[in-house]
Amino acid sequence: MAAFIAKRLALALVTIWAVVTLTFFMVRLMPGNAMSYLESQLAAQGGLTTSEIAAKVQEAYGVQPKGPLWHQYLSYLGNAAHGNFGTSILDPGKTVLSVIVGALPWTLLVVGLALLVSFVLGVMVGTLIAAFPQSLLAKIATGVVSFLAAVPNYLVALVLIYLVADQEHALPASGPYALTVTPGWNVSFIGSVLQHAILPVLSYVIVAFGGWALTMKGSVSTIMGADYVRAGESWGLSRYRVTRSYIGRNAMLPMVTNLGLSLGYMFGGSVFIETFFVYPGLGYYLVQSVNQRDYPVMMGCFLLITIAVVVSNLIVDLVYPLVDPRIMSPGRARRIGLTASGQAVEADAQTAGRSAA
Amino acid sequence: MKFFRDLWRICRGDKPALIGAIVILIYIVVAIAGPFATHVGYVKNPALAYLPPSAKYPLGTDFLGNSVLSELIIGTRPIMEVGIAAAVMVVTVGVIVGLVAGYLGGAVDQVVMRITDVFLTIPGLPLVIVIAAIVRTTNPFVLAAILSVTGWAGLARAVRSQALSLRTSDFIDAAKVQGLPLRNIVGRQLLPNIGPYVAIHFLLAVTDAIYAEVGLYLLGVAPITGTNWGIMINLAISQGALYTSQSALYLFSPMLAIVFLQVALVYFSRAMDRLFNPRLRVQ
Chain E
-8 MAAFIAKRLA LALVTIWAVV TLTFFMVRLM PGNAMSYLES QLAAQGGLTT
42 SEIAAKVQEA YGVQPKGPLW HQYLSYLGNA AHGNFGTSIL DPGKTVLSVI
92 VGALPWTLLV VGLALLVSFV LGVMVGTLIA AFPQSLLAKI ATGVVSFLAA
142 VPNYLVALVL IYLVADQEHA LPASGPYALT VTPGWNVSFI GSVLQHAILP
192 VLSYVIVAFG GWALTMKGSV STIMGADYVR AGESWGLSRY RVTRSYIGRN
242 AMLPMVTNLG LSLGYMFGGS VFIETFFVYP GLGYYLVQSV NQRDYPVMMG
292 CFLLITIAVV VSNLIVDLVY PLVDPRIMSP GRARRIGLTA SGQAVEADAQ
342 TAGRSAA
Chain Z
385 MKFFRDLWRI CRGDKPALIG AIVILIYIVV AIAGPFATHV GYVKNPALAY
435 LPPSAKYPLG TDFLGNSVLS ELIIGTRPIM EVGIAAAVMV VTVGVIVGLV
485 AGYLGGAVDQ VVMRITDVFL TIPGLPLVIV IAAIVRTTNP FVLAAILSVT
535 GWAGLARAVR SQALSLRTSD FIDAAKVQGL PLRNIVGRQL LPNIGPYVAI
585 HFLLAVTDAI YAEVGLYLLG VAPITGTNWG IMINLAISQG ALYTSQSALY
635 LFSPMLAIVF LQVALVYFSR AMDRLFNPRL RVQ
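Line by line, the protein sequences give chains E and Z. Its first residue numbered -8, the first sequence is counted upward by one per residue in our numbering. Its first residue numbered 385, the second sequence is counted upward by one per residue in our numbering.
Hints are computed from structural coordinates only; laboratory data are not their basis. Among the hints, erroneous ones may be present.
Computed cross-link-like contacts, EDC-like style, restricted to lysine to aspartate or glutamate with a CA-CA straight-line distance of at most 16 angstroms [as the list claims (entries may be wrong)]:
hint : chain 1 : residue 1 : chain 2 : residue 2
1    : Z       : LYS399    : Z       : ASP657
2    : E       : LYS130    : Z       : ASP398
3    : E       : LYS(-2)   : Z       : ASP501
Turn these sequences into a full structure, and let the hints steer you where they fit.
Put into structure tokens, the structure is as follows:
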């Protein structure tokens, strides 16, 4: 168990380091280098000496623009480790850290709610389809679900904006809360926040629950045919016991694995959904900074999205042994001959996870 | 050929897959022949703007007075081109990395798979947006390369686990004992076994690439020049199509074009799944 966690933790750190390194060198080495772009922009404005320009660029990026590249890299890495990502170019008074820390809760709220709703809905619909495969409802549900799973989530967001918000004015389609309420732990603020989250969350859920339902359906129908389920039934165990402990528990394994795999996709989708709904999360700021060439904010947003995905993945990894105790004690599992099948389930689920994501 | 006979037999029994295959074929024909059949004049004639559907303009006109249908047809090729090119890159890199890691094993496998894990974890779409923002390319193949930057990792993992189990399987040993050349072992023994993953992954990689590509145009991260579905939706939105109903056709026809193609690709990929997976095979 300790080795498992250590391995996952190392992977998480390496991923974050890779993203910091990748963005640093991309921004520095690409043609039309962002730092020289800013320098020439400041020089064109006039009224500044060369050293003042250098100081301004240094303030924005948090490094010496004229130093050797490896030196710039090390100081950027050191600063990033301390949470110092420089300041925004467009909004010079603001540090990148304050921008991304302010944006993170909104992304976590919408992505978290969307994940929860689509997961629960997907498990329910998938189980129902698998339980009554011959019913008309199951056939219609399978058709609808497999259609929706193939539709891009940003198109759903656009259709929702078109239909609900602008044609009917039924629900708010922009911003995180109404301007009339005061932020704080009061009922009207929380109500307004939830109301504004409905459409963004719905845009994710309409697309995502289909993937979950299809995975759950596949998983449940495979396990319903397993010998140990028939054995359980033949022992005369109650229907509830068989469904819950024999089918349900095992059918959830690929679902939990997919949870980790779908996180990257969910956070990635925030880029579109937050932009279209003018929702001030990480994805919104990422697109804003990209389109306005505010590279320090862009690097910060991308890094924080990565960290959010990596940390959520770690949480899923820590939860997984609770769902599948075979991982927790590999020695015992090997003695009773389960390791091979346990790993096989995991490997299969990982390949299947792609299509669910 | 046996492959196409099997494919036809399965598609005939599976209506969604058959419809998917037909829709994909139609898109390919439109992508190839479209530019010969029609063109977009880029006229700027306010008198022709936002005309309702008519015999001359079956889907009406856009804010500049261009035929929406013509734009839709012309816009097919750039999307399909980039989608297929990106999928080819994803599959090529994924298969090579997976086969090398799985077949060589040992330290190479460890190092390669750790790198693959990192690429599996990095959120792909934000990375694509960041790279596209820095590179700002109009070249379809560079764009395809950007779109495939993380997609290969999933396939590499699947191919690797297949190669690992195949490496020690009896029929590979038998082929080695018979002294069959490496060409035969890789081409006749290994590839047919990983073929299913590759074929299905190829179709899904096309959908992923189209999703990300259209997304880049929607966000305005990719340069807005020329005509394609993403640019059409982007322009429709910036011209206020979300707030009026007069340009609904201009907004919704490219969206429907994307949805039909994506759904067709996913439905067809399920037929491939049945074709290659004997457990699901309908005899």
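Against the structure, the hints come out as follows:
1. Z:LYS399 x Z:ASP657: OK: Z:LYS399 and Z:ASP657 at ~15 angstroms, within 16 angstroms.
2. E:LYS130 x Z:ASP398: holds (14 angstroms)
3. E:LYS(-2) x Z:ASP501: holds (12 angstroms)
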